[in-house]
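Please work from the sequences and hints to get the whole structure.
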Amino acid sequence: MKILFLMSSVPDTTSKINFTDNDTKFDESGIQFVINPHDEFGLTKAVQIKEKNGAEITVLNVGTAKTEPVIRKVLAIGADKAVRIDAEPLDSYFTAVQIADYIKKHNDFDLIIAGKESLDYNGAMVHGLVAGMTGLKFVNAVMGLELKDDKTVEVAREIDGGKEYIETTLPLIIGGQKGLVKEEELRIPNMRGIMMARKKPLEVLPPVDAPVRTKIDKYEKPAPKGAIKLVDKDNLDELIDLLHNEAKVI
Amino acid sequence: MYILIYAESQNGKVAKSAKELASYAKAYADKTGQEVFAVGAGLEDAGELFKYGVNKVLTVENETLKQFNAFAHAQMVADAAKKNDANLVLISSSNDAVYMGPVLADLLDAGYVSQVISLPEESDTFIVKRKVFSNKGIAYTEVLTDNKLLRIAKNSFEVIEKPVEGTLEKFEPEVDLSVYDEYKVVKVDKATGKISLSDADIVVSAGRGLKGPENWGMIEELADVLGAATACSKPVADLGWRPHQEHVGQTGKQIAPNLYIAVGISGAIQHLAGVNGSKNMVVINNDPEAPFFKAADYGVVGDAFEVVPKLIEKIKAFKKQ
Ligand SMILES: Cc1cc2nc3c(=O)[nH]c(=O)nc-3n(C[C@H](O)[C@H](O)[C@H](O)COP(=O)(O)OP(=O)(O)OC[C@H]3O[C@@H](n4cnc5c(N)ncnc54)[C@H](O)[C@@H]3O)c2cc1C
Ligand SMILES: Cc1cc2nc3c(=O)[nH]c(=O)nc-3n(C[C@H](O)[C@H](O)[C@H](O)COP(=O)(O)OP(=O)(O)OC[C@H]3O[C@@H](n4cnc5c(N)ncnc54)[C@H](O)[C@@H]3O)c2cc1C
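Protein chains in written order, with the numbering used here: chain S, 158 to 407; chain H, 11 to 331.
Derived by calculation from the structure, the hints in this document are not laboratory data. We put the beta carbon where it would ideally sit given N, CA and C, even for glycine. One or more of the hints may lead you astray.
[Stated by the list, open to error] Just a sample of chain S residues kept apart from chain H, beta carbon distances all over 10 Å, derived: (1) I174; (2) K262; (3) I351.
[As the list claims (entries may be wrong)] Okay, derived cross-link-like pairs now, DSSO-like style, lysine-lysine, Cα gap no bigger than 30 Å in a straight line: (4) H:K164 - H:K92; (5) H:K329 - S:K378; (6) H:K172 - S:K405; (7) S:K320 - S:K209; (8) S:K390 - H:K329.
Spelled out as C-alpha cells, the structure:
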C-alpha cells in the first residue's frame, strides 16, 4: 500500500503572531515551526497502517528549504521518503495545483492523508481542491479510519452535533483530525528515528507554473479587548445586570 | 448578476446559517444593485428566506440529494450558479459546507476565501477580510478570479429581516448521482435534543479546575438554565472527563457564540484561539493571575464550587421576573 502524507508546516501553537513590512507579511522571526497539529493525527495513523499492514509512506510538502527541519521530523516519526516542491506556497490554489500535479504524475497512491485544516492560514481547502483536480474520492474531518480489506474502508467524519460513518473505497483522500488516533498514541521522534531520518531520501522538485486565485494585500491584528470588568463573587446580581443590560446576551 | 447562497437545512427547516448568509448577501446586493438567489435540497419552509432578502429560492426535491454528499451538492450549487448567472457564491462554515467548499471552488474555477468576516470593501478590486492564524490575525484577501466563493465565518453576521417578494422555483440540477455509490453512509451518531455546540448562542465551558467528572452537574445545570451548550478544555477531554466533541480550542472546535462562560479554565493561548471569536466572555476562576482574565470581558475571582451554584440561583430568579 502506498500512502502520501501531505504536511503543512505551521507556527508552534504558542506563537505570538506579528506582521511586518507595513503589515504585508507574516513575521517569522523567533517563530518555531511544527507539523500542523491536525496533520499529526494522520501521520501517526499512516505509521500504524504501515506497522500493521505494510505500507510505504511518502511525505510531501510545498515549501521553501525552511521547511526541511519539519520534514525531517516527519521522516523521524516514520515516513520512508520525502518530497519537497520548492516554492513559497503563494495561495491555497497554487499549493493544491502542485500537489495534484505530483499525484497525477505518480498515480499510484492508495491513501492520501492530509489534515482538515492548516492552523496558519486556516483555509481548510488544499486537500479538497486536490480532490477536485484529481477526481479522487475525498472525506473531510475524519475522526476514524478502518481498512476493511484491500479496497474497502470505513471512515467516521465529524458532522454538526455528531459523527457519520461512511463506507467507501481506495484510492481516497482524507482530511484528518483528532480522533483518527488517540491522543496518547501520537508519535514523537525518538533517537533511532532521528538517526535513520538523516539517511532517508528527500527529493526536491521544481514547482509547475500556476496562477494564484487570491492574494493577501495586508494583515491586521484583531482589535484589542477592552479592560475586563471584575464582579465581586458576593455580588453576582451585578454580573446578571451586565450580561442583560450591557452585553444583552441574557 | 446574482449572488447565490447555499441554503442548508436543519431537520427539514431553513438553518440559521442560511439566514445569516441571506442577510450577508442582501446587505451586499443592496450596495451593488444585485439580487439574491438561494439553492437548497429538501427545504420544507424555503419561503422563509424571502424574509431575509432572498429574491428567488431554487428548491431541489430530488430524494437522493436530500442527503448531504459533498460532491453531489457541489455539483448542484455549481449548476445553479452557472444557469443563473451568479458569480458570487456564499456558503456557511458548517462541517458539511467546509467539506463541500473546495470541491465547489474547483467546479466553479473560483477563488475561494475561508472564514470571511466582512462584506467586500467598496473598491475596484474585490477584497474581504478573513480570520487567519486561529483568530490571531486578519488578512485582507483579494479575489482575482471572475467567479468567487466565500465561506462566511460562524456568528460573524447577524440575521437581519429585510422582507422581499420572492419566488420559489423547482430546480432539477444536473448531478452525477453515482457519487453516492462510492460513499455509503452506514451509521450516524447524533446527540438529539441537545443544543449543538457549533450552533449555540451561549456556551458554558469548564476546565481542569473542576477537579473531576463528578463535578459537572453544576455546569450542566448552569447550561440548562441559560439554554446553553456545554464545552470543555482539552485536558478535560483527554482525561475522559467529558466527551471529545466538547473539546474547544485551536485543536478542537472553534466556536464563536454570543456568550462564552469559562469555569476553572486557565486561558492558555491554544484554548483562547478556539473561543476568542466569542462576542462576550465571562471567566470564573479562583486565581486572579489566570491568563483568562486578560482575555475576558467579565470576570469573577472565586471558587467555582461556591460561585456557580449561586449564579444558577440568581439566573433562575432573573428568568422568573
Ligand atoms: C512562507 C509562506 C508564505 C505565504 N504567503 C502567502 C501569501 O502571500 N498570500 C496568501 O494568500 N497565502 C500565503 N501563504 C499561505 C499559503 O498559501 C497556505 O499556507 C497554504 O497554501 C495552505 O493553505 P490553507 O491554509 O488553505 O491550508 P489548508 O487547506 O487549511 O490545509 C489543509 C491540509 O492540506 C495540506 N497542506 C496545506 N498546505 C500544504 C503544503 N504547503 N504542503 C503540503 N501539504 C499542505 C495539509 O495536510 C493541511 O492540513 C503563505 C504560506 C507560507 C508558509
Ligand atoms: C499543540 C497544543 C494544542 C493544544 N490545543 C488545545 C485546545 O485546543 N484546547 C485547549 O483547551 N487546550 C489546548 N492545549 C492545552 C493548553 O495549553 C492548556 O494546557 C489547557 O488549555 C489547560 O486546560 P485547563 O485550563 O482546563 O487546565 P489548567 O491549565 O490546569 O487550569 C485550571 C484552572 O482552573 C483554576 N481553578 C482551580 N481550582 C478552581 C476552583 N475551585 N474554582 C475556580 N477555578 C479553579 C486554576 O486557577 C486554573 O486557572 C493545547 C496544547 C498544545 C501543546
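Please write out, lowest number first, the hints stated earlier that are contradicted by the structure. Numbers 1 and 5 - these are the hints that the structure violates, sorted from lowest upward.
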